[in-house]
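> One letter stands for each residue in the lines below.
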Amino acid sequence: MASDQPTIKYSQRAGQSVLEVGGPWTVFSIREIGKTAAKARAASGARKVANVDASAVDQLDTAGALEILQLAGAGPDTKVQTQEERHAELFKLVQGNMRKAPPERHPNWIAGWFAEVGGTLVSGLKQVTHLAAFVGEIVVVFGLACLSPRRFRFPAVIKQTYEVWIRALTIVGVLCFLIGVVIAYQGVQQLKQFGAETFAVEATAIAIFRELGVLFTAIIVAGRSGSAFTAQIGTMQVNLEIDAMRTMGLNPVEWLVLPRIVALTLAMPLLTFWGDMAGLLGGAFACTIYLDFTFVQFFERMRDTVGIWNFYTGMIKAPVFGIVIAAIGCFEGLQVKGSAEIVGQLTTKSVVEAIFCVIVLDAIFSVIFLLADV
Amino acid sequence: MSDTAAIEKAAEVHLPELQEGGQISDHSKGRKVAIRVRGLKTQFGEGKVIHERLDFDAFKGEVVGLVGGSGTGKSVLLRTIIGLIRQREGSIEVLGTDTKGLFGEKERQLQSRWGVLFQDGALFSSLTVAENIIVPLREHAGLDEAMMREVASLKIALVGLPADAGDKKPSELSGGMRKRAALARALALDPELLFLDEPTAGLDPISASLFDRLVRRLQQSLGLTVLMVTHDLDSLNAICDRVAVLLDKRVVAGTMDELLAFEHPWIHEYFHGPRGRAAARQAGTGDEQEGQRG
Numbered sequence: 039m040a041s042d043q044p045t046i047k048y049s050q051r052a053g054q055s056v057l058e059v060g061g062p063w064t065v066f067s068i069r070e071i072g073k074t075a076a077k078a079r080a081a082s083g084a085r086k087v088a089n090v091d092a093s094a095v096d097q098l099d100t101a102g103a104l105e106i107l108q109l110a111g112a113g114p115d116t117k118v119q120t121q122e123e124r125h126a127e128l129f130k131l132v133q134g135n136m137r138k139a140p141p142e143r144h145p146n147w148i149a150g151w152f153a154e155v156g157g158t159l160v161s162g163l164k165q166v167t168h169l170a171a172f173v174g175e176i177v178v179v180f181g182l183a184c185l186s187p188r189r190f191r192f193p194a195v196i197k198q199t200y201e202v203w204i205r206a207l208t209i210v211g212v213l214c215f216l217i218g219v220v221i222a223y224q225g226v227q228q229l230k231q232f233g234a235e236t237f238a239v240e241a242t243a244i245a246i247f248r249e250l251g252v253l254f255t256a257i258i259v260a261g262r263s264g265s266a267f268t269a270q271i272g273t274m275q276v277n278l279e280i281d282a283m284r285t286m287g288l289n290p291v292e293w294l295v296l297p298r299i300v301a302l303t304l305a306m307p308l309l310t311f312w313g314d315m316a317g318l319l320g321g322a323f324a325c326t327i328y329l330d331f332t333f334v335q336f337f338e339r340m341r342d343t344v345g346i347w348n349f350y351t352g353m354i355k356a357p358v359f360g361i362v363i364a365a366i367g368c369f370e371g372l373q374v375k376g377s378a379e380i381v382g383q384l385t386t387k388s389v390v391e392a393i394f395c396v397i398v399l400d401a402i403f404s405v406i407f408l409l410a411d412v
Numbered sequence: 007m008s009d010t011a012a013i014e015k016a017a018e019v020h021l022p023e024l025q026e027g028g029q030i031s032d033h034s035k036g037r038k039v040a041i042r043v044r045g046l047k048t049q050f051g052e053g054k055v056i057h058e059r060l061d062f063d064a065f066k067g068e069v070v071g072l073v074g075g076s077g078t079g080k081s082v083l084l085r086t087i088i089g090l091i092r093q094r095e096g097s098i099e100v101l102g103t104d105t106k107g108l109f110g111e112k113e114r115q116l117q118s119r120w121g122v123l124f125q126d127g128a129l130f131s132s133l134t135v136a137e138n139i140i141v142p143l144r145e146h147a148g149l150d151e152a153m154m155r156e157v158a159s160l161k162i163a164l165v166g167l168p169a170d171a172g173d174k175k176p177s178e179l180s181g182g183m184r185k186r187a188a189l190a191r192a193l194a195l196d197p198e199l200l201f202l203d204e205p206t207a208g209l210d211p212i213s214a215s216l217f218d219r220l221v222r223r224l225q226q227s228l229g230l231t232v233l234m235v236t237h238d239l240d241s242l243n244a245i246c247d248r249v250a251v252l253l254d255k256r257v258v259a260g261t262m263d264e265l266l267a268f269e270h271p272w273i274h275e276y277f278h279g280p281r282g283r284a285a286a287r288q289a290g291t292g293d294e295q296e297g298q299r300g
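Chains as they are written, first to last, in the working numbering: chain A, 39 to 412; chain B, 7 to 300.
The following block holds chain B by itself, in its conformation from the complex (with noise of 0.2 Å):
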């Protein structure tokens, strides 16, 4: 039997009691929730089910990571929760809102309080960068046009994009700074949560790590809750507060540590494998360096 075989054998094993949400241990005490999944089933037409009891809490003001292996669902778990595709059965609650139903007002007023980066940035290939940026501000805030090109031009240098970058069309751009370009525009409206569908894929070590400090600096100072999806080992080790791991359709959700301690055989070849040791590494003497700086 291969490697491969064993380690996906060896996922069927039963997953052990978790508490609430999926968590493996407490977190949410004096903690208010941003995201409540509870009992959530998808499933396309009569075919695969993708999730079954799938229960995931986010807290305010961290930055969660979602990981899982090719095909367990974890963009369909982030397009379920944003509402592009709707659950069979199970109740999501995003910001205090339930979002099964939501139609008309409410719906916009929810979604003018989140923005979305999806993975090849999604932006409108017929506007410039700087136009795709004021596209919400000027459905939702209704600012006048000075000052939404103001504002426009701040979330430009914000996500260190230089400032010509604002007239150029998409397609001019890099997928570097197309994917800033995407972070802008999903910021546009300051929104309270992020959603990150693999903001790293594709970008190389130096932009990567560039782009993972933009996002945890620019959480810090707009206490945004953060939601992304990715397979960057370093993204998950420098800035996510816990990590939310899709695991037989359902989510187990932890700290670095608490994963690390965790005996399952995928989780445990996710992170204690040559690369998942390499990024833990590599996060460690940051630390250090860090420390001796302070």
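Bound conformation, chain A alone (with noise of 0.2 Å):
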């Protein structure tokens, strides 16, 4: 008897209510079973049933016998009739592996919100204290290195730098020169209004001295060293090669997480640097064009209004974003347990982190430089 749909009859034998299935009972042909199953016990008004007949079923897998015992609510010693030997097997396979399927959790809110407050909390502290340890280790490990220079591992620091520096020129010296074409251009459009366009040029060039330049080329290692040293260390952690290192006697900090740290503090000024003299070419580009000067105008005028220290404060907070761009980088890499999907949210983590301290950083400079006066 071979058809389409799986057949369920309920019937009585011997006194005994016994289930008749046959057809296809495959994961595939069982689909619509539920109702098929819920008409034919109502027709029957059968409740339990002791045996089960399967000798019509023509495809069987293990979802479908599966499916065939539950509706006889069978247990692992109901007797069902076969036909074929391999359909027996079958069954006596499923029956010996049935297991009543965990219920579905239903959470409590307001206790799972608790736990989530509570959890994020704990790690929230833990994470300082892990991160209080870290920083402390960077200060030894830099300690002993500056009492053996040999620690400073030059090979690592010169092809990090040449990574997170030389590799970043293009893309700094781009964004920089279009800020430094957009102020310029805000300025004089503003400042049309007093008949003070010219001082676009002292606009131009204070803010990308002071803060444009070096916000923007941070928000930019951020994005493509910070988050590039989570995802190598976090990878490296996932390969067990940090494990691997310690068992070594070599320390990851002094290997890994040092050379990248000088690299990113030498890398940032230079890049702040580049970045500056991008913008001012972008400003003075902007210049030539909106206010009718010449280069030479707008950088003689520059020299003789631009204080030098607004380049100084610029290039001061430069290393420090630099250092903390790159610790956090690292950080966040060793952070990296178990599988390599936390690697991915840990470098988006880390990216997020690096930027936030880069701006709360900036915000404590201009407070330090509004009481120097500079």
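I should point out that these hints are in silico values taken from the structure, not numbers from a laboratory.
Careful: at least some of the hints might be erroneous.
Capping the alpha-carbon separation at 30 Å, the derived lysine-lysine pairs in DSSO-like fashion look like this [to be verified]:
(1) Lys164(A) <-> Lys66(B)
(2) Lys106(B) <-> Lys54(B)
(3) Lys47(A) <-> Lys73(A)
(4) Lys38(B) <-> Lys130(A)
(5) Lys66(B) <-> Lys175(B)
(6) Lys130(A) <-> Lys174(B)
(7) Lys54(B) <-> Lys375(A)
(8) Lys66(B) <-> Lys47(B)
(9) Lys35(B) <-> Lys54(B)
(10) Lys130(A) <-> Lys66(B)
(11) Lys164(A) <-> Lys130(A)
(12) Lys164(A) <-> Lys387(A)
(13) Lys255(B) <-> Lys375(A)
(14) Lys106(B) <-> Lys387(A)
(15) Lys175(B) <-> Lys387(A)
(16) Lys164(A) <-> Lys175(B)
(17) Lys175(B) <-> Lys38(B)
Bring the two chains, given one by one in their own frames, into a single complex with the hints.
What follows is the structure, given as structure tokens:
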């Protein structure tokens, strides 16, 4: 008896109710079985089934067998009658492994909320202690390296510097140039209303020197180098490379973290200077268009009116931002545990944290410079 | 000349004439073909040719072991058959369907009829074990949620995992448990054809032989066809009906006895080496014990 749909019938045999099933019972054919089964059960009025007759079944797999046994409310010792040896074997296999599916959990929302808040707080505090330990370790390793400079691992520093400085020059240059153009254009447009459009030169130069040059460079570096540090170290953590280093007596902070921090601390001022110059060039370019200035006029006016401390304030911030971005990138990389999935999460986290810290530090620097009156 | 060099040099000896499908003697009589590979050529870029004029047959309801030295392209052959690597030449027919140019609904249909166990499990790391098993069920079978969870917990029990393993993430499981979980996912749709890539690699001998027995039992009761890449001589002896050896970019396939008698230096060294002998001896005593019990 071959048909496209599985069939179900409840009947009585020798005083016992029997579930008769037939047709194909596979994972692909039992989609609609719930309704058919309910109808058949209602029609027969049977409650408990003692035996199962599956001799009319032509196709069977584990999902089908499971469904038949469940419709019968069968336990491990219900007798199943089958036509084929193979089917009997299958029923035996399924009966031997039947388990109640774990009930779907209905979480308590309020408790869940408290648990979440508490968990976040605790993990935040743990993070702070880890961070403190990490900073301490960096300081110790840095101190030791100062005593024996061999420990700075110069080849690694040079390789990292190449990655974070030379390879970032194009993107930093292009973006800062465009920022310079935009600031100068806006300055000219706004200051024109007061007839003071030539002050756009000062506006552009001061904005770029003090804030925009260093801030944009830091954001680009956090996005491209901070994330790379997390991903590199995190992947090494997943591959157990860091554990391998530890067992060989190599300190990962000395071998992986310190070169990256040194490299970024060197690269940030260099990139910031480069960004400043590109920004000024952009500003000058915009002024030649909107102010009918020449390049020479722009730079002469700038030299006469913009104090050198505007430049210094930006450059002082740069290495600090570099240290913070590198340290956060490496720290998050070392936090990776278990699967590669975590690497992605922590990379995102490291970029967000780095940019957040950079902006907070920038605000602190503003206050300091205000108090120092520079 | 060192021993390995001698063996490698001897491996360049040309193969004797084989029967259809790379068989030593013809076993095809009265059997349906599950996988038929003819004239296969695979090559990466313009570089190394991995397989050339490769013929291979796997029959329905048998367990075929695929062996070969490192770099002979065992995994590549498996990945070519399941369509992850495209062949340069030749035809591959799986369950009566030519895989060349297969796409869309037909490809999905074929894919729902086979299960693949990758070497490290390749479980989706963001999902729990039970959810991993439910993924193919939801995609291909469309059962209701409760039914799918029941099927998933049956599969978890079938492969011998404890009930609480279903709620765990793959990263929380040990290597052996991950393999079992991956097998459960491969079996989710009760496939007709099961591909196993080094299923027992990295397992301890007890877990490995349990895994072998599990595969054998499932294969017999579900009527599966199994193609397994393996280096485990115990697995070959214990559960494989036939063994396919990758030699000289081609396949030589036969039963264990045929291969033991086959005159080729690499095959000889593989099966008659100290490890091969030990595994064969163990399998032999195992049979005797079974015989006494029966």
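> State for each hint whether it applies.
Here's how the hints hold up against the structure:
no. : hint                    : in the structure
1   : Lys164(A) <-> Lys66(B)  : violated, 57 Å
2   : Lys106(B) <-> Lys54(B)  : holds, 22 Å
3   : Lys47(A) <-> Lys73(A)   : holds, 13 Å
4   : Lys38(B) <-> Lys130(A)  : holds, 27 Å
5   : Lys66(B) <-> Lys175(B)  : violated, 35 Å
6   : Lys130(A) <-> Lys174(B) : holds, 28 Å
7   : Lys54(B) <-> Lys375(A)  : violated, 38 Å
8   : Lys66(B) <-> Lys47(B)   : holds, 24 Å
9   : Lys35(B) <-> Lys54(B)   : violated, 36 Å
10  : Lys130(A) <-> Lys66(B)  : holds, 23 Å
11  : Lys164(A) <-> Lys130(A) : violated, 51 Å
12  : Lys164(A) <-> Lys387(A) : holds, 16 Å
13  : Lys255(B) <-> Lys375(A) : violated, 41 Å
14  : Lys106(B) <-> Lys387(A) : violated, 44 Å
15  : Lys175(B) <-> Lys387(A) : holds, 22 Å
16  : Lys164(A) <-> Lys175(B) : holds, 23 Å
17  : Lys175(B) <-> Lys38(B)  : violated, 40 Å
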